[in-house]
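*Asks:* Sequence:
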Amino acid sequence: MKAAFAKLPIETRAKELMKSPAPQSVKIQQIKDMYAKEGKEVPAEFLQGGGPAPTIPTGK
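Mapping to the numbering used here: the sequence shown position 43 is 46, numbers consecutive.
Bear in mind the hints are in silico, worked out from the structure with no lab data behind them.
Think of the CB as a built atom: it goes at the ideal place given N, C-alpha and C, for glycine as much as any other residue.
It is possible that some hints are incorrect.
Claimed, not checked - Below, in silico cross-link-like pairs of lysine-lysine (DSBU-like), each with a Cα-Cα straight-line distance of 30 Å or less:
(1) Lys10 to Lys40
(2) Lys22 to Lys5
(3) Lys40 to Lys22
(4) Lys30 to Lys10
(5) Lys35 to Lys10
What the hints assert, rightly or not - Label pairs and their calculated CB-CB ranges:
(6) Ala9 to Val29: 16 to 22 Å
(7) Ala6 to Gln51: 16 to 22 Å
(8) Ala7 to Ala47: 23 to 29 Å
(9) Lys35 to Lys5: 16 to 22 Å
Work out the full structure, taking the sequences as your base and the hints as a guide.
*Replies:* Quick look at the structure:
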(Lines of atoms letter the chains of each structure in order from A; the text may use other names.)
(Lines give C-alpha, C1' and ligand atoms only; values in the text may rest on other atoms or scores of the structure.)
Protein backbone atom coordinates (compact mmCIF):
# COMPACT_ATOMS: atom_id res chain seq x y z
CA MET A 4 0.00 0.00 0.00
CA LYS A 5 2.78 2.45 0.92
CA ALA A 6 4.58 1.79 -2.37
CA ALA A 7 1.38 2.46 -4.33
CA PHE A 8 0.84 5.70 -2.39
CA ALA A 9 4.38 6.83 -3.22
CA LYS A 10 3.64 6.42 -6.95
CA LEU A 11 0.70 8.85 -6.84
CA PRO A 12 1.22 12.46 -7.96
CA ILE A 13 2.51 14.62 -5.11
CA GLU A 14 -0.64 16.78 -5.12
CA THR A 15 -2.81 13.68 -4.63
CA ARG A 16 -0.60 12.43 -1.80
CA ALA A 17 -0.79 15.82 -0.09
CA LYS A 18 -4.59 15.96 -0.39
CA GLU A 19 -4.92 12.46 1.06
CA LEU A 20 -2.56 13.34 3.89
CA MET A 21 -4.67 16.39 4.76
CA LYS A 22 -7.64 14.04 5.31
CA SER A 23 -5.78 12.09 8.01
CA PRO A 24 -6.63 12.55 11.71
CA ALA A 25 -3.05 13.60 12.56
CA PRO A 26 -2.50 17.03 14.14
CA GLN A 27 -2.43 19.85 11.57
CA SER A 28 1.17 20.77 12.37
CA VAL A 29 2.29 17.19 11.71
CA LYS A 30 0.43 17.00 8.40
CA ILE A 31 1.87 20.32 7.21
CA GLN A 32 5.41 19.23 8.11
CA GLN A 33 4.98 15.92 6.27
CA ILE A 34 3.71 17.76 3.21
CA LYS A 35 6.65 20.20 3.35
CA ASP A 36 9.03 17.22 3.56
CA MET A 37 7.35 15.50 0.57
CA TYR A 38 7.60 18.60 -1.59
CA ALA A 39 11.20 19.29 -0.50
CA LYS A 40 12.17 15.74 -1.44
CA GLU A 41 10.71 16.32 -4.92
CA GLY A 42 12.40 19.73 -5.19
CA LYS A 43 9.06 21.53 -5.47
CA GLU A 44 7.48 24.42 -3.60
CA VAL A 45 4.47 23.67 -1.39
CA PRO A 46 1.24 25.23 -2.73
CA ALA A 47 -0.35 27.73 -0.32
CA GLU A 48 -3.52 25.63 -0.08
CA PHE A 49 -1.62 23.05 1.97
CA LEU A 50 0.01 25.59 4.27
CA GLN A 51 -3.26 27.25 5.24
CA GLY A 52 -4.55 24.20 7.05
CA GLY A 53 -7.64 23.69 4.95
CA GLY A 54 -9.99 24.68 7.76
CA PRO A 55 -13.08 26.79 7.35
CA ALA A 56 -12.59 30.50 6.78
CA PRO A 57 -12.94 32.57 9.95
CA THR A 58 -16.17 34.50 10.28
CA ILE A 59 -16.46 38.03 11.58
CA PRO A 60 -19.31 38.57 14.03
CA THR A 61 -21.66 41.29 12.85
CA GLY A 62 -23.31 41.96 16.20
CA LYS A 63 -26.82 41.49 14.83
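*Asks:* Determine for every hint whether it applies to the structure shown.
*Replies:* Results of checking the hints against the structure:
Restraint check for Lys10 and Lys40: satisfied, since their Cα atoms lie roughly 14 Å apart, inside the 30 Å limit. Between the alpha carbons of Lys22 and Lys5 the distance comes to roughly 16 Å, so the proposed pair stays at or under 30 Å and holds. Restraint check: the Cα-Cα separation between Lys40 and Lys22 comes to about 21 Å, which is no more than 30 Å; the hinted pair holds. Pair hint Lys30 plus Lys10 holds up; C-alpha atoms about 19 Å apart against a cutoff of 30 Å.
As the CA atoms of Lys35 and Lys10 are separated by approximately 17 Å, the hinted pair is consistent with the 30 Å bound. Checked against the hint of 16 to 22 Å, the pair Ala9 and Val29 passes, with Cβ atoms roughly 19 Å apart. Look at Ala6 against Gln51: about 30 Å separates their beta carbons, and that is not inside 16 to 22 Å. Under the hint 23 to 29 Å, the C-beta atoms of Ala7 and Ala47, about 28 Å apart, fit the expected range.
A hinted range of 16 to 22 Å for the beta carbons of Lys35 and Lys5 is consistent with their spacing of about 19 Å.
Consistency with the previously given hints fails for number 7 only.
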